[in-house]
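Enquirer: Listed here are the chains, written in short residue letters.
Number of protein chains: 2
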Amino acid sequence: MPVDSVTLSKKPHVLIVGGGFAGLQCAKQLAEAEVNITLMDRHNYHLFQPLLYQVATAALSPADIAAPIRRILRKQQNVRVVMETLLGADLEARVANFSSGDVSYDYLILATGVTHSYFGRDDWAPLAPGLKTVDDALEIRRRILLAYEAAEWEADTAARQADLTFIVVGGGPTGVELAGALKEIAAQTVPKDFRNINTTTAKVVLVEAADRLLGALPEKLGMRALQDLQQMGVEVRLNSLVTDIQSGGLTIGTEFLTAENIIWAAGVRGSDIAENLGVELDQQGRVVVAADLSIAGFPDTYVIGDLAHVTGKDSGQQIPGVAQAAIQMGEYVAKEICRKLREETKNKPFIYTDRGSMATIGRNRAVATIAGHQFTGFFAWLIWGVVHIFPLVNFRRKLTVLFAWVWSYFSRSKNVRLITGESKIKVKKPFGIVSQEDDNSP
Amino acid sequence: MPVDSVTLSKKPHVLIVGGGFAGLQCAKQLAEAEVNITLMDRHNYHLFQPLLYQVATAALSPADIAAPIRRILRKQQNVRVVMETLLGADLEARVANFSSGDVSYDYLILATGVTHSYFGRDDWAPLAPGLKTVDDALEIRRRILLAYEAAEWEADTAARQADLTFIVVGGGPTGVELAGALKEIAAQTVPKDFRNINTTTAKVVLVEAADRLLGALPEKLGMRALQDLQQMGVEVRLNSLVTDIQSGGLTIGTEFLTAENIIWAAGVRGSDIAENLGVELDQQGRVVVAADLSIAGFPDTYVIGDLAHVTGKDSGQQIPGVAQAAIQMGEYVAKEICRKLREETKNKPFIYTDRGSMATIGRNRAVATIAGHQFTGFFAWLIWGVVHIFPLVNFRRKLTVLFAWVWSYFSRSKNVRLITGESKIKVKKPFGIVSQEDDNSP
Chain F
1231 MPVDSVTLSK KPHVLIVGGG FAGLQCAKQL AEAEVNITLM DRHNYHLFQP LLYQVATAAL
1291 SPADIAAPIR RILRKQQNVR VVMETLLGAD LEARVANFSS GDVSYDYLIL ATGVTHSYFG
1351 RDDWAPLAPG LKTVDDALEI RRRILLAYEA AEWEADTAAR QADLTFIVVG GGPTGVELAG
1411 ALKEIAAQTV PKDFRNINTT TAKVVLVEAA DRLLGALPEK LGMRALQDLQ QMGVEVRLNS
1471 LVTDIQSGGL TIGTEFLTAE NIIWAAGVRG SDIAENLGVE LDQQGRVVVA ADLSIAGFPD
1531 TYVIGDLAHV TGKDSGQQIP GVAQAAIQMG EYVAKEICRK LREETKNKPF IYTDRGSMAT
1591 IGRNRAVATI AGHQFTGFFA WLIWGVVHIF PLVNFRRKLT VLFAWVWSYF SRSKNVRLIT
1651 GESKIKVKKP FGIVSQEDDN SP
Chain D
1231 MPVDSVTLSK KPHVLIVGGG FAGLQCAKQL AEAEVNITLM DRHNYHLFQP LLYQVATAAL
1291 SPADIAAPIR RILRKQQNVR VVMETLLGAD LEARVANFSS GDVSYDYLIL ATGVTHSYFG
1351 RDDWAPLAPG LKTVDDALEI RRRILLAYEA AEWEADTAAR QADLTFIVVG GGPTGVELAG
1411 ALKEIAAQTV PKDFRNINTT TAKVVLVEAA DRLLGALPEK LGMRALQDLQ QMGVEVRLNS
1471 LVTDIQSGGL TIGTEFLTAE NIIWAAGVRG SDIAENLGVE LDQQGRVVVA ADLSIAGFPD
1531 TYVIGDLAHV TGKDSGQQIP GVAQAAIQMG EYVAKEICRK LREETKNKPF IYTDRGSMAT
1591 IGRNRAVATI AGHQFTGFFA WLIWGVVHIF PLVNFRRKLT VLFAWVWSYF SRSKNVRLIT
1651 GESKIKVKKP FGIVSQEDDN SP
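Line by line, the protein sequences are chains F and D.
Start counting the first sequence at 1231; every next residue gets the next number (this note's numbering).
Start counting the second sequence at 1231; every next residue gets the next number (this note's numbering).
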């Protein structure tokens, strides 16, 4: 039995599950509190998720946007970090279940986020991977790079075009960013690397079910993103609901689009653990919480970050699934716990302060809304850069990412084009390597 | 059928299999030759193998030491790059076999290198992974980091010590570098990250069958490496032949050493393709070649790099399996082919010019022999740094690696401590998470 501060102490035990923006912020905010904190995550790192698409598109390495949670919290003595996966919890008894045993707690904070939703069609998952984890990003990177390798040696013209067709499903920020980056790779990064294919002919299609892009941002910015993408050569299909995905393409209504590469950025749902708790969920499988982010009937059980569906007095407020909202929720709940420890009764509901949103589209192109002002083009892109470099967890990572960007800005290069690991799918057809002796072409 | 330069042209076709130091150098050296080159590799990247142990020990990201072969050769118009695995070849008919079809050639250059050898005990492979590829390095990194995670939550003292015991088998440069880096992680990098374990008590054991370390270097330097490692706290066991490896430890004669983490750096053998060629192999499965690096009876089939066992007039010369020798062989064969194209008959045998060897042991510690002079300590470490940064493939990577090093030198930190992917082994035992209510410790 490990002799540690938590098991020895009689201080209240705060169990935080999930080391994303919400959970990490909550733990940090409790640094001075007279509690023992356990922060659990199924990974050993905190991920700067807004830049994950850059790992998927070979611009950054995983280590550029992720840092061990232990390292981030190494100086905070009232927290222990565990790499574990929550299986369930008895909210009444205040006991959480893990494969390695049970843990009792005084406060439970669920911050496990969301995962991809295929709207009931989980069979689409292997055909159209989503982008939520580092391993997802590496899988997508692998597929993108293998597609060019396959095309280079594909003898059949139609099959070669299918290898060079990339469809991104979902026109939110992730979809827009992925589509833009995919087009930049094809048009700027790899053309000179291949001998048999003209990579600038690679087709990037962005499919969105609604009638506009970036639904969470003002309409004008959605329009601008559409224009920018079209100017870059991305084919954008609005009002297009994907009705089926098969190996080799997808169906929109009666139309079949041929593509060897499909990426899913369309929907999210609450992480699986939510279903095991026996509490109220919304249609996306997120946990319905009161205005103070606690679960009805369990005032010391909180849900924060993307997993929370906030109701109550301010239920009119739309809280987007972004880092900023997660951070604010983490802070709020930490303060709530401190308030309870001081036995104060006044209880203010959580109110989300929208400091702005943004999406990048490509080199010199982004859209942003900040404090009611809207920005587009190069200036928005600069703002985006600043906002995404500065929060990065430590000094070194900041400089590395900045350096990678400045470099890739001037060189138009992507430096992380490595195919590592085994792909979950195998390249389906053999490369069309031609024996010289069999060759009868002119 | 792809219409490309090779299939259209009547120029001689040079097929190079393997994009390591030897194959890449050979392709580059043929840039001006009137030939068509196909460079094949099972990966899409060239790997700077001497720094691979730094990926395994979380100091560098894969992209810091690897670059797409296509990118390196993008400006060389007489080469095409294919990501493929050689299955076999009919040396008489000059046809190479791949899963995707056959390729005919005029010159074949085999540069597929070596892989780990477990001396007939391939069942040891999952228990003691070796370090040859990027995926190997990521697997070892995963195991090292998971070992600390497991130890942190292990209740049993003996089991915890086993989690914190790392055995490296093999006292060559890779083994020495790994052992030194493992000790640095334990003593300098992670101590503050954990709450329940004192990572400075982690045990690193280096096991070597011979009576000295770094057998390929002068004896004095092997002695110095031994002293340096011992000073750092590594337990070095010379004259220790590993007779068995099981889950949880290994056997040396009658002694069983308990350890949850074993890394294999003891032996190499020629890559599998060598066996399929029906040619003479040495005891390590490397291809026996004549003094001009060609296979007896097949003057236009060459073997270069680690896979070659050179015989002939200068058979007395020991050619070590290092980057330098591979590069020299690649250059030599490229010149040989040019000579044949010019139909000159004079044929000088390959002679290896030893420009020196070195191994790093840790911060400020290395051993090197250069042009007959021996260096140790800080100065050798500086030389090692310079020698290993400057050949790195492009400018950006050079700066990134330099930056990562300078940073980790001053901060004593390792920034790539991410556990990604699924480990080939599962962590065997559940973490000893203690319920607070069950806890009766004082």
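It is possible that some hints are incorrect.
Identical copies go unnamed one by one, so any copy, or any two together, can satisfy a pair.
Unchecked claim - Keeping only pairs whose Cα atoms sit at most 30 Å apart, straight-line, the calculated BS3-like set for lysine-lysine is:
no. : residue 1 : residue 2
1   : K1450     : K1565
2   : K1576     : K1433
3   : K1241     : K1433
4   : K1450     : K1422
5   : K1450     : K1258
6   : K1305     : K1422
7   : K1258     : K1422
8   : K1258     : K1433
9   : K1578     : K1422
10  : K1362     : K1241
11  : K1565     : K1362
12  : K1576     : K1362
13  : K1576     : K1450
14  : K1241     : K1450
15  : K1578     : K1433
16  : K1570     : K1362
17  : K1305     : K1433
18  : K1565     : K1422
19  : K1241     : K1422
20  : K1433     : K1422
21  : K1576     : K1241
22  : K1433     : K1240
23  : K1422     : K1240
24  : K1570     : K1433
Keep in mind that the hints were calculated from the coordinates and are not lab data.
As the structure is a prediction and not an experimental result, all values here were calculated from the model.
Enquirer: Taking the hints in turn, state whether each one holds.
Expert: Evaluation of the provided hints:
Taking identical chains as interchangeable, the C-alpha atoms of K1450 and K1565 are never at most 30 Å apart, the minima being 37 Å within one chain and 63 Å between chains. In this assembly of identical chains, K1576 and K1433 lie within 30 Å of each other by CA distance neither inside one copy nor across copies; the values are 57 Å within and 53 Å between. For a Cα distance limit of 30 Å, the shortest separation of K1241 from K1433 qualifies neither inside one copy, at 59 Å, nor across copies, at 34 Å. Taking the shortest Cα distances, K1450 and K1422 never come within 30 Å of each other, neither inside one copy (37 Å) nor across copies (50 Å).
For a Cα distance limit of 30 Å, the shortest separation of K1450 from K1258 qualifies neither inside one copy, at 37 Å, nor across copies, at 52 Å. In this assembly of identical chains, K1305 and K1422 lie within 30 Å of each other by CA distance solely across copies; the values are 7 Å between and 48 Å within a copy. Taking the closest pair of Cα atoms, K1258 and K1422 come within 30 Å of each other only across two copies (17 Å); inside a single copy the shortest separation is 47 Å, beyond that limit. For the homomeric pair K1258 and K1433, neither the shortest alpha-carbon distance inside one copy (45 Å) nor that between copies (33 Å) is at most 30 Å.
For a Cα distance limit of 30 Å, the shortest separation of K1578 from K1422 qualifies neither inside one copy, at 59 Å, nor across copies, at 37 Å. In this assembly of identical chains, K1362 and K1241 lie within 30 Å of each other by CA distance neither inside one copy nor across copies; the values are 35 Å within and 49 Å between. For a Cα distance limit of 30 Å, the shortest separation of K1565 from K1362 inside one copy, 29 Å, qualifies, whereas the shortest one across copies, 50 Å, does not. Within a single copy, K1576 and K1362 get their C-alpha atoms no closer than 38 Å, and across copies no closer than 62 Å, so neither meets the 30 Å cut-off.
In the homo-oligomer, the alpha carbons of K1576 and K1450 never lie at most 30 Å apart, since the shortest distance is 41 Å inside one protomer and 74 Å across protomers. Proximity of K1241 and K1450 under a CA criterion of 30 Å is satisfied in neither setting, with 52 Å inside one chain copy and 58 Å between copies. Taking the shortest Cα distances, K1578 and K1433 never come within 30 Å of each other, neither inside one copy (51 Å) nor across copies (52 Å). With identical chains, the CA atoms of K1570 and K1362 are never at most 30 Å apart, being 34 Å at best within one copy and 55 Å at best between copies.
In this assembly of identical chains, the alpha carbons of K1305 and K1433 lie at most 30 Å apart only when taken from different copies (25 Å versus 49 Å within one copy). For the identical chains of this complex, K1565 and K1422 are inter-copy neighbours only, at 27 Å across copies versus 55 Å inside a copy, given an alpha-carbon limit of 30 Å. Taking identical chains as interchangeable, the C-alpha atoms of K1241 and K1422 lie at most 30 Å apart only when they sit on different chains, with a minimum of 22 Å there against 62 Å within one chain. Taking the shortest alpha-carbon separations for K1433 and K1422, only the intra-copy value of 17 Å comes in at or below 30 Å, while the best inter-copy value is 50 Å.
For a Cα distance limit of 30 Å, the shortest separation of K1576 from K1241 inside one copy, 23 Å, qualifies, whereas the shortest one across copies, 85 Å, does not. With identical chains, the CA atoms of K1433 and K1240 are never at most 30 Å apart, being 61 Å at best within one copy and 34 Å at best between copies. Proximity of K1422 and K1240 under a CA criterion of 30 Å is satisfied inter-copy only: 24 Å between copies versus 65 Å inside one chain copy. For the identical chains of this complex, K1570 and K1433 are neighbours neither inside a copy (56 Å) nor across copies (45 Å), given an alpha-carbon limit of 30 Å.
Comparing the model with each numbered hint stated earlier shows that hints 1, 2, 3, 4, 5, 8, 9, 10, 12, 13, 14, 15, 16, 22 and 24 do not hold.
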